[in-house]
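Top to bottom, those sequences are chains B and H.
Under this note's numbering, the first sequence has 147 at position 147, and the numbering climbs by one with no breaks.
Under this note's numbering, the second sequence has 268 at position 109, and the numbering climbs by one with no breaks.
If you're looking for bench data, these hints aren't it; they were derived computationally from the structure.
Note that the structure is predicted; figures quoted are calculated from it, not measured.
There could be a bad hint or two in this list.
[Said to hold, decoys possible] Here are the simulated BS3-like cross-link-like pairs (lysine-lysine), alpha carbons at most 25 Å apart as the crow flies:
no.	chain 1	residue 1	chain 2	residue 2
1	B	Lys94	H	Lys355
2	B	Lys94	H	Lys369
3	B	Lys144	B	Lys94
4	B	Lys140	H	Lys369
5	H	Lys369	B	Lys55
6	B	Lys144	H	Lys369
7	H	Lys329	B	Lys94
8	B	Lys55	H	Lys329
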Amino acid sequence: MRARTTAAVVLGLAALGAAAEAGDVAIIVHRNHPQDALTMAELSRIFRMEQQHWKSGDRIDVVLQASGSEKDAIIQNRVMGLRAGELQSFWLGKTFRGEITAAPRSLASDASVKQVVGGNLHAVGYVDSLFLDDSVKAMKIDGKSPGEPGYVLSRTGGR
Amino acid sequence: MPIRTWLLIVAALVPAAAGAQEHDATAPEATPPRLTLRGFTNVDYAIHEEGQPNTFALGQFDLFVNSALSENWSFLAEVNFEFGDDNNLAVDVERAQIRYSPSDAFSIAAGRMHTPLGYWNQTFHHGAWFQTTALRPEMYLFEDEGGILPVHEVGVQAAGTLRASALDFKYSVSVVNGRGRIPDEVTNVQDRNGSKAVNVLLALAPAALKGFEIGGDVWVDHIPADPEVAGREAEIRERILGGYVAFLRSDVEVLAELSHVHHRDEATGATYGTWGMYAQGSYKVGRWRPYYRFDKVDVADGDPFLTPKDLSRHTAGLRFDPMPWVGLKGEYHLTRHPGEDDVHSARFQAAFTF
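Let the sequences and hints guide you as you build the complete structure.
Here is the structure:
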């Protein structure tokens with residue numbers, strides 16, 4: 001009986017975990033950020049740190065995640081055009097060429113990213129769209145918001 | 160009148176400086192910059208290169224440091240410990256530059272930098288780990304290795320990227336000390352003549368073809384006379400024209416560059432044209448990356464400045480990365496010098512960062 005209960009708890013937790021990771025990847029900025037939308041090309045340049053300033057002229061503070069989740073893979077692959085295992089050498093190359101002084105910080109969870117981005121007008125990061133709330137603003141990418149059909153950073157592959 | 164103008168300028172600036180000091184006194188104390196240190200080196204085994212006995216060889220021991228001084232100011236340097244063919248150690252400060260980057264469209268750097276002559280020289284520096292191949296292209300050999308191009312520059316360099324929806328437009332403009340009296344001399348602390356060299360690089364990267372870039376550059380300089388060498392009593396006018404295409408994705412690398420070095424002896428009016436080119440391709444399959452490169456250098460006969468060297472070389476190799484920070488490379492070379500027998504050689508390299 002005890003084993004059955006434990007199994008049920010484990011299965012329940014696994015289901016909760018799956019549900020918690022079921023949304024699209026939302027690109028978030030501070031809720032008072034002047035921009036509401038980016039193109040996929042702009043997003044790629046920002047996360048690759050080829051574009052380091054917002055249109056306002058302020059320096060962009062890119063916040064990544066190192067949670068090892070599907071979200072990270074979507075950002076690295078679809079947005080940055082990198083394969084698994086190439087991220088750190090990518091940053092090292094940019095540092096060596098003098099294009100950046102350091103790799104962007106990587107935080108461990110959606111909650112941490114949301115907290116940092118919510119407190120920094122110039123930051124941009126990504127979280128699971130199920131974690132969105134009023135503390136941050138989700139950017140439209142190529143005219144579409146997370147959850148809309150055809151959103152490029154959906155779990156199911158976008159376009 | 161000029162003195163009065165200067166006095167007016169100084170009078171205008173002094174209150175501003177005093178105001179700034181006053182403001183600084185109340186500002187919170189700034190945190191000192193943090194230095195990041197990283198190393199690159201390689202260990203090679205060369206078989207029958209340049210007719211030499213087979214040999215193990217230590218590569219350049221490269222210490223890279225950088226530091227963000229503030230949001231827009233940064234510093235980087237490369238200090239290189241290298242052994243020459245005589246087995247003696249030499250230490251070079253290969254790069255040392257302070258950069259101010261207020262926007263994507265404009266940044267300005269001062270110090271010793273790699274001249275943006277084309278793609279390779281602004282992308283790969285002294286760490287062999289970064290580059291696919293074991294060796295640099297012949298046209299981009301360093302000055303102290305017999306290279307034909309001024310790959311290092313000392314001066315100021317402005318650069319930036321202007322963006323439109325369809326393409327990125329990249330530029331770089333350098334005003335620097337020119338060449339020294341011999342190709343190996345980089346004028347780090349004393350230019351040998353008053354004229355400065357100018358280098359301009361322009362490049363386009365279309366949005367529709369991610370990873371593709373095409374660019375060209377022009378370098379102009381007056382190479383100083385070298386009175387101690389017969390035939391070098393007068394300056395030489397130098398003009399270098401270069402062009403490149405690059406296509407880079409995670410798995411694909413295609414690079415091709417061409418450079419023409421034009422020299423005009425100011426005493427005789429004689430002109431000399433030297434060519435250098437390479438084309439390189441590679442394709443990554445998992446941790447493996449097979450590659451091929453063709454190099455060609457053709458130094459003009461009688462050029463009063465460059466060391467005579469004509470060669471073409473085929474390089475075929477394979478790179479294996481057992482882990483992200485180590486690259487193992489093995490490559491075969493077929494080198495042809497005009498009028499001489501073909502030279503078959505090979506090189507194995509373990510290049511890494513630490």
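Each hint, compared with the structure:
1. A threshold of 25 Å between alpha carbons decides the hint, and for lysine 94 of chain B with lysine 355 of chain H the separation of about 29 Å lies outside it, so the pair is violated.
2. Between lysine 94 of chain B and lysine 369 of chain H the alpha-carbon distance is near 17 Å, which keeps this suggested pair within the 25 Å criterion.
3. Proximity of lysine 144 of chain B to lysine 94 of chain B is assessed by CA-CA distance (about 31 Å); at most 25 Å being required, the pair is judged violated.
4. Among the hinted pairs, lysine 140 of chain B with lysine 369 of chain H is consistent with the structure: their alpha-carbon atoms are about 22 Å apart, no more than 25 Å.
5. The straight-line distance between the Cα atoms of lysine 369 of chain H and lysine 55 of chain B is roughly 22 Å, inside the 25 Å bound, and the hint therefore holds.
6. Restraint check for lysine 144 of chain B and lysine 369 of chain H: satisfied, since their Cα atoms lie roughly 22 Å apart, inside the 25 Å limit.
7. At most 25 Å may separate the alpha-carbon atoms for a hinted pair to count; lysine 329 of chain H and lysine 94 of chain B meet this at roughly 16 Å.
8. A threshold of 25 Å between alpha carbons decides the hint, and for lysine 55 of chain B with lysine 329 of chain H the separation of about 18 Å falls inside it, so the pair holds.
The earlier numbered hints that this structure contradicts are 1 and 3.
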